[in-house]
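If you're matching them up, the sequences are chains A, B and C in order.
Counting along the first sequence from 1, when you hit position 707 you're at 707 in the numbering used here, and nothing is skipped either side.
Counting along the second sequence from 1, when you hit position 66 you're at 66 in the numbering used here, and nothing is skipped either side.
Counting along the third sequence from 1, when you hit position 4 you're at 4 in the numbering used here, and nothing is skipped either side.
Honestly, the hints are just simulated from the structure, not real lab data.
In this text the structure is predicted, and so the values were computed from the model without any measurement.
Among these hints, one or two may not hold up.
Cβ-Cβ distance ranges computed for the label pairs, FRET-style [said to hold, decoys possible]:
#1 A:671 - B:28: 38 to 48 Å
#2 A:234 - B:30: 50 to 60 Å
#3 B:28 - A:357: 33 to 43 Å
#4 B:91 - A:611: 29 to 39 Å
#5 A:378 - C:72: 22 to 32 Å
#6 A:16 - C:89: 36 to 46 Å
#7 B:90 - A:420: 17 to 27 Å
#8 B:27 - A:212: 22 to 32 Å
#9 A:87 - B:89: 56 to 66 Å
#10 A:508 - C:72: 42 to 52 Å
#11 A:176 - B:90: 23 to 33 Å
#12 A:238 - B:91: 33 to 43 Å
#13 C:88 - A:589: 26 to 36 Å
The beta-carbon is built from N, C-alpha and C at its ideal position, and this holds for glycine as well.
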Amino acid sequence: MDMEEIKQTFFVECEEQLAELESGLLEMEAGEADSETVNAVFRAVHSIKGGAGAFQLEQLVSFAHVFETLLDLIRGDELEASADVVRVLLRAADVLSDLVNAARDGTEADESVWQPMKAELDQFINSNGDTSPSGAESAEDEVPVQDGPDEFGFEPIPISLDMFETEDDEAAGEYTVRFRPTRELFQSASEPLFILRELSGMGMATIECDTSNVPTLDAFDPTASYLGWTITIRGVENKDSLHEPFDFVEDQCELEITAIASGEATGALEEVSEDDLSPPVLEEIVTSPAEIEVEVAADAEMADEPKVQAQVSDAPAKVAEPSKQSANAAPATIRVDLERVDRLINLVGELVVNQAMLSQRVVEAGLTETSSVMMGLDELEQLTREIQDSVMAIRAQPVKTLLQRMSRVVREAADATGKIVRLRTEGESTEIDKTVIERLADPLTHMIRNAVDHGLEMPEKRSKAEKSEEGTIELSAAHRSGRVVIEIKDDGAGINRDKVRSIAVEKGLIGADAQLSDNEIDNLIFLPGFSTATEVSNLSGRGVGMDVVKRSIQALGGRISISSRPGHGSTFTMSLPLTLAVLDGMVVTVGGQTLVVPLTAIVETLKPKNSDVHNMGCDAAVVAVRDSFVPLIEVSEKLAFGEERTNPSDGVIILVETDEGKQNALLVDSIQDQRQVVIKSLEVSYGHIPGVAAATILGDGRVALILDVGELVQHVPGSSLNSDQPMMLEAS
Amino acid sequence: MTESTMAAEVIKLPEVLDLNALEALHTELLSKRGVHLELDASAVSGLGAQGLQLLLSASETWRLDQKSFTVSGAGDEFVSAVSMMGVDADVLCLDGEEHE
Amino acid sequence: MNTTANKSDDEICEIVSFSVGAQEFGIDIQSVREIRGWTEETVLPRSPHYVRGVINLRGAVLPIVDLAARLEMGPSEPSARNVIIVTQINDQLVGLLVQSVSDILSVNKSQIQPTPDVASDLAKNFVRGVLPSENGMLSLIEIKDILPVELGEAA
Chain A
1 MDMEEIKQTF FVECEEQLAE LESGLLEMEA GEADSETVNA VFRAVHSIKG GAGAFQLEQL
61 VSFAHVFETL LDLIRGDELE ASADVVRVLL RAADVLSDLV NAARDGTEAD ESVWQPMKAE
121 LDQFINSNGD TSPSGAESAE DEVPVQDGPD EFGFEPIPIS LDMFETEDDE AAGEYTVRFR
181 PTRELFQSAS EPLFILRELS GMGMATIECD TSNVPTLDAF DPTASYLGWT ITIRGVENKD
241 SLHEPFDFVE DQCELEITAI ASGEATGALE EVSEDDLSPP VLEEIVTSPA EIEVEVAADA
301 EMADEPKVQA QVSDAPAKVA EPSKQSANAA PATIRVDLER VDRLINLVGE LVVNQAMLSQ
361 RVVEAGLTET SSVMMGLDEL EQLTREIQDS VMAIRAQPVK TLLQRMSRVV REAADATGKI
421 VRLRTEGEST EIDKTVIERL ADPLTHMIRN AVDHGLEMPE KRSKAEKSEE GTIELSAAHR
481 SGRVVIEIKD DGAGINRDKV RSIAVEKGLI GADAQLSDNE IDNLIFLPGF STATEVSNLS
541 GRGVGMDVVK RSIQALGGRI SISSRPGHGS TFTMSLPLTL AVLDGMVVTV GGQTLVVPLT
601 AIVETLKPKN SDVHNMGCDA AVVAVRDSFV PLIEVSEKLA FGEERTNPSD GVIILVETDE
661 GKQNALLVDS IQDQRQVVIK SLEVSYGHIP GVAAATILGD GRVALILDVG ELVQHVPGSS
721 LNSDQPMMLE AS
Chain B
1 MTESTMAAEV IKLPEVLDLN ALEALHTELL SKRGVHLELD ASAVSGLGAQ GLQLLLSASE
61 TWRLDQKSFT VSGAGDEFVS AVSMMGVDAD VLCLDGEEHE
Chain C
1 MNTTANKSDD EICEIVSFSV GAQEFGIDIQ SVREIRGWTE ETVLPRSPHY VRGVINLRGA
61 VLPIVDLAAR LEMGPSEPSA RNVIIVTQIN DQLVGLLVQS VSDILSVNKS QIQPTPDVAS
121 DLAKNFVRGV LPSENGMLSL IEIKDILPVE LGEAA
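Can you build the whole structure from these sequences, using the hints too?
Right, here's the structure in full:
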């Protein structure tokens, strides 16, 4: 590893530290912080300072030093973290973030911002009567005890942890033992039962058996080892004794013994210096050399996110702590180059296509269903699916950082507009594909700024309307029927429908006498050309309109809509696919073409009778489904696949439900199959087609289009699907 | 859900469930697939991990086949071994508790 | 062969020549990624008349433009004997359906004559120069305008 790479790593970690800092400060702001939170906040700044020192990033060091000093006072209970103080801290965190970015990009940070901030921090420190020189060059004097490692700048957090960990943790002696024998263990006539008995005699133990690997009888091999155990044991005097039951079988099993509550892996009690090459966690793993890869894989399973760099190489290896100091054992993680993950995903995608093609060819070759080849293929399909799921899971990350970023956006927007705003977030742990998260950042930022700028009223206006002066924006993310739904809800004044309508007429987007429902008016803001450039605030100065936001969301395969109640506020709802890569779908024939309907949208399929179909008006039809009538949509006609209209009784009806719960009946020629397909973006290679979400490559090598059910059913049945043309133009 | 009209076939488990016995048992179980089954464990002196995993596999296979699978006559040692190895007695339908 | 030196007139470029209908055309080899046989496309709903659809190019989705239709020479009725020239336009890959590919010519830029001032809009929009060739005349096509920019929203 060269200096550049190490520096890059430092900046990546700074990001993580900054996120921790922000999240801790927010907890303090909400009054939910405890001493641990304050410590974590301190450590975050301390780490950044340390690393910055190693790279001689002077400005960053000096600012971080003052920041850290102030935090030290707070955690030492010498200064109270009042609301005012926390607000200052939050601003300081923003400035710190800017300084980090400047250092990373090699640019100069805005002195007119950070110098005053630093002075402000100094003031708090000095008014406390503390004799801390604000000149930060002699950083070392000020920093509390665990100073030595700082110079190297690579100290993993565990060091500081040692000082703050309650001494009780070790004494409590609570451990988790993970034990999975290999077949060699049985061959050597050892018996797990006896080992478990011995172990459980050493303290208060709870034993859990992992039976997930046990296959059904046909695949069962009596000489293999399928079981694994997790033993939680308490009241053990010392950890070493836990190894004893495994003395004779160390090479014949996977064994991991970790302490609980201190969150540390074995042997991490001593200072981890630069020379400590193998992270303690690996110690346990190296019990059975042949099993190393498997163990890491097993750990990866248990891990949450890529965090730690577990490189056993020249570089000082580190044991990064889970940033939340909760009572969970440290998840073993590794940090992986995103490119490698992407390559892996592409390869897995090809694998899926290949496997489908293989299956198809085997069927065409005429082998019977029960032949061993077919059965082997079934297993292959299962395996491929599992691999795909696992690989997809690697890229999925909680939206937490994205949501947190928004709180800064809100702070800045509130400051710039003079409004008082509070951001509430929900669903931080909702996982989304990493690329989606990255591409959501801009649209979300824009929508939040919009909400503060245009949605929320000024404090005086709010109190006149008998609302609290402080406006609230609720940002939530959740998984709903196979998609991710993100909502931005404000309790502002709602959409001014008259104004929107008149602007739309003014810009020629709708006819002056067009009849629009309230909801239709609300959605006018998404039309290209709508952006109210007349209202230039220093926020929305960039002139990015909602249509650009909508396009960004669509490019991700998502949908966005708005609903609003005058006086009460507006809600933006975005629905995005869970993963950009894979989809379970029903393969159907429509007008001679093969299409794929996403399974998540399908409620059921029916074979209709002509007598169930009823016409409405001249162009529309409905079909009777049990007790209700559902709009009938002829897919071939919607997509203009040719002149022939399908006779309902000759075709099949697929009953679909949109995100909003509306049901429609799609008429197709026939259903071919149900399978998992790899999504190929059409946007990238061609462009957006209304009613089409993406494309895929089927087993026969041909391209098939994937339907966007929401778009397909959106328009007035019978009218043509014109992209971005408001429905209103056709209403008459 | 079990059809009480169909009587379960019984396999009597040997006293010692070593690898040989387990391999033979495995073969026998495969041949008995598709019928309601009862394993008579009254003669079994001890149960180890290898035996346990075979039983678990059989239990799951029978569940998927939607046929009943019970283990009867399990002695104290058998039951305590199952418990020590962290498996719920219900999973194996000890004492003739019925599957769903 | 590489482009040599200094004066742009002396520069040599390589042209892939192909036929559409009875006419001969050429494009700069630098935009060409590969050449393959024609396979049946998957139709794209509501696409311009000259976009035949998309095909699978080793796992990627490739749009196919019927060059004859694009040049208003009437739609092609392709068979396995037709050829697809896969070209790169900015970041996009586009396949051009042509009748057959003839040759790769090394052409000195000075040999390229300006487009004759004919009445056809098409000629003016797509042809950036002409060359005398073995069979008569070869029109050099400017790839960039083959796919209109707002392709995705064309209804």
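Hints, one by one, checked against the model:
no., hint, result
1, A:671 - B:28: 38 to 48 Å, "holds, 43 Å"
2, A:234 - B:30: 50 to 60 Å, "violated, 43 Å"
3, B:28 - A:357: 33 to 43 Å, "holds, 41 Å"
4, B:91 - A:611: 29 to 39 Å, "violated, 51 Å"
5, A:378 - C:72: 22 to 32 Å, "violated, 52 Å"
6, A:16 - C:89: 36 to 46 Å, "holds, 41 Å"
7, B:90 - A:420: 17 to 27 Å, "violated, 57 Å"
8, B:27 - A:212: 22 to 32 Å, "holds, 25 Å"
9, A:87 - B:89: 56 to 66 Å, "holds, 58 Å"
10, A:508 - C:72: 42 to 52 Å, "violated, 31 Å"
11, A:176 - B:90: 23 to 33 Å, "holds, 25 Å"
12, A:238 - B:91: 33 to 43 Å, "holds, 35 Å"
13, C:88 - A:589: 26 to 36 Å, "holds, 34 Å"
Hint violations for this structure: numbers 2, 4, 5, 7 and 10, all remaining hints satisfied.
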